[in-house]
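**Q** Below are the chains, spelled out letter by letter.
Protein chains: 2
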Amino acid sequence: MSHADTKTRIMDTATQLFARDGFHLTSLRTLTEQANVNLAAVNYHFGTKEELLQAVISRHLLPLNNIRQQKIEAVLAQAEADNKPPVAKDLLHAFIKPTLDFRNSGPGAKDFIALIGRSLSEPDETVRIYFIQQILPIFKLLFTGLQKALPELPANILMTRLQFTLGTMGHAMSSNLRPDQMVPGLPEMLSADELAKELINFVTSGLEAP
Amino acid sequence: MSHADTKTRIMDTATQLFARDGFHLTSLRTLTEQANVNLAAVNYHFGTKEELLQAVISRHLLPLNNIRQQKIEAVLAQAEADNKPPVAKDLLHAFIKPTLDFRNSGPGAKDFIALIGRSLSEPDETVRIYFIQQILPIFKLLFTGLQKALPELPANILMTRLQFTLGTMGHAMSSNLRPDQMVPGLPEMLSADELAKELINFVTSGLEAP
DNA sequence: AAAGGATTCAAACGAGTGTTTAAACTAACT
DNA sequence: AGTTAGTTTAAACACTCGTTTGAATCCTTT
Chain E
2 MSHADTKTRI MDTATQLFAR DGFHLTSLRT LTEQANVNLA AVNYHFGTKE
52 ELLQAVISRH LLPLNNIRQQ KIEAVLAQAE ADNKPPVAKD LLHAFIKPTL
102 DFRNSGPGAK DFIALIGRSL SEPDETVRIY FIQQILPIFK LLFTGLQKAL
152 PELPANILMT RLQFTLGTMG HAMSSNLRPD QMVPGLPEML SADELAKELI
202 NFVTSGLEAP
Chain W
2 MSHADTKTRI MDTATQLFAR DGFHLTSLRT LTEQANVNLA AVNYHFGTKE
52 ELLQAVISRH LLPLNNIRQQ KIEAVLAQAE ADNKPPVAKD LLHAFIKPTL
102 DFRNSGPGAK DFIALIGRSL SEPDETVRIY FIQQILPIFK LLFTGLQKAL
152 PELPANILMT RLQFTLGTMG HAMSSNLRPD QMVPGLPEML SADELAKELI
202 NFVTSGLEAP
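Chain order of the listed sequences is E and W. According to this note's numbering, the first sequence is numbered sequentially starting from 2. According to this note's numbering, the second sequence is numbered sequentially starting from 2.
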């Protein structure tokens, strides 16, 4: 087991356990045991447990945010070229779809997206602030874009609805590994593909509400 | 300080700290110190920390759910009397409004609603399952009511959108004590009163999306 | 005023936490 | 083959956690 293998195995296991049990409820002893590495390996390779979390988040969130930024800017550039305001649904699609696409790129990706979804509502500042700090530029870009798409909507109402949107996204992305929400007598939820379409529909309608 | 005073002071402080920091990140030493009671008082009056959590949730959630149930059943009964299907927005209003009304009934109530909002996305089963167990009957009632209101919507799509609705509510109710979401250059969110109207608007439009 | 049950208190218990240490091991390069 | 840098390992450290204990205190009832 080489250097990279150990680091990768730690990060993969950390993604899975942080998503399922949360950051603080995951002990380094449980984590390193499941990853088949020595207890001290986390501190050796990452410094502290918190730095491991930051590494886990950054590994996939940075490229994901780059894709989101490109897609949003593409929508805005196209609207500018057409001399028309951008369409809200296109902007939301550019913001949401890359996340759901990444989620379908593998089982580890699913864990990561669940972790990201949970980060928004994380009580501990350690997790939440680090996540918000990374997504803030994209959020601002999306906000100003939506202001052009919905110029008649007051800024603070748009802001509120955008917060609702984030809450909906976070809940949808993190609620996949919850067996306790499948209740007898109630229908199951949709598949991952249908979920993407429904999520975008839902928040678009919400944002454009009268 | 009598028996009831100690129990109440523990529950009030627990509500505040569980909402702000989460269940597991709140230590009994911090809690009892802030409540000005002895460390052993929690175990004496409630048995365990987990039973304290259940007492804190039940104290306000049971009456709140009773109100919700009455309001939803009133909407359904009125629709039946008029020989018309119920209106989705009325059902959502009956489900959401009591929560936001209770939130405005005092500072402790605000903490409690934040705790409830966070319960949905709690990683730990201890918190989440106990909360879901209490809200499930109301959820089922709301679901069957909405099926009558939106008969053309497939059951699993309605279920998905209802999950989105819960995610939006939980996020909106728990994001009030987050200073880190106020960002320079972005407008602040709405006041509590306006928030209620916007939340109902948002999820109604989302549920009725084409 | 005395008795007795309820409550509060300081102290300790055992288990679990993240982190550090120093020795053992591995692999590559001179 | 020997040296060196990088990595793994077992053990220990210092600390916090929820809970328990038994004595001290309070309050009500007789």
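Hints are computed from structural coordinates only; laboratory data are not their basis. Computed from a predicted structure; not experimentally measured. Honestly, I wouldn't trust all of these hints.
Which copy is meant is left open, so a pair is good if it fits within one copy or across any two.
Stated by the list, open to error - DSSO-like cross-link-like pairs, simulated, lysine-lysine; straight-line CA separation at most 30 Å:
#: 1; residue 1: K8; residue 2: K50
#: 2; residue 1: K198; residue 2: K50
#: 3; residue 1: K72; residue 2: K198
#: 4; residue 1: K198; residue 2: K98
#: 5; residue 1: K90; residue 2: K8
#: 6; residue 1: K149; residue 2: K8
#: 7; residue 1: K50; residue 2: K149
#: 8; residue 1: K50; residue 2: K90
**Q** For every hint, state whether the structure bears it out.
**A** Hint check:
{"no.": "1", "hint": "K8 / K50", "result": "within (13 Å within a copy, 37 Å between copies)"}
{"no.": "2", "hint": "K198 / K50", "result": "neither (36 Å within a copy, 42 Å between copies)"}
{"no.": "3", "hint": "K72 / K198", "result": "within (17 Å within a copy, 32 Å between copies)"}
{"no.": "4", "hint": "K198 / K98", "result": "both (9 Å within a copy, 29 Å between copies)"}
{"no.": "5", "hint": "K90 / K8", "result": "neither (40 Å within a copy, 51 Å between copies)"}
{"no.": "6", "hint": "K149 / K8", "result": "neither (44 Å within a copy, 53 Å between copies)"}
{"no.": "7", "hint": "K50 / K149", "result": "neither (42 Å within a copy, 50 Å between copies)"}
{"no.": "8", "hint": "K50 / K90", "result": "neither (39 Å within a copy, 46 Å between copies)"}
Going down the numbered hints, you'll see the structure goes against 2, 5, 6, 7, 8, while the others check out.
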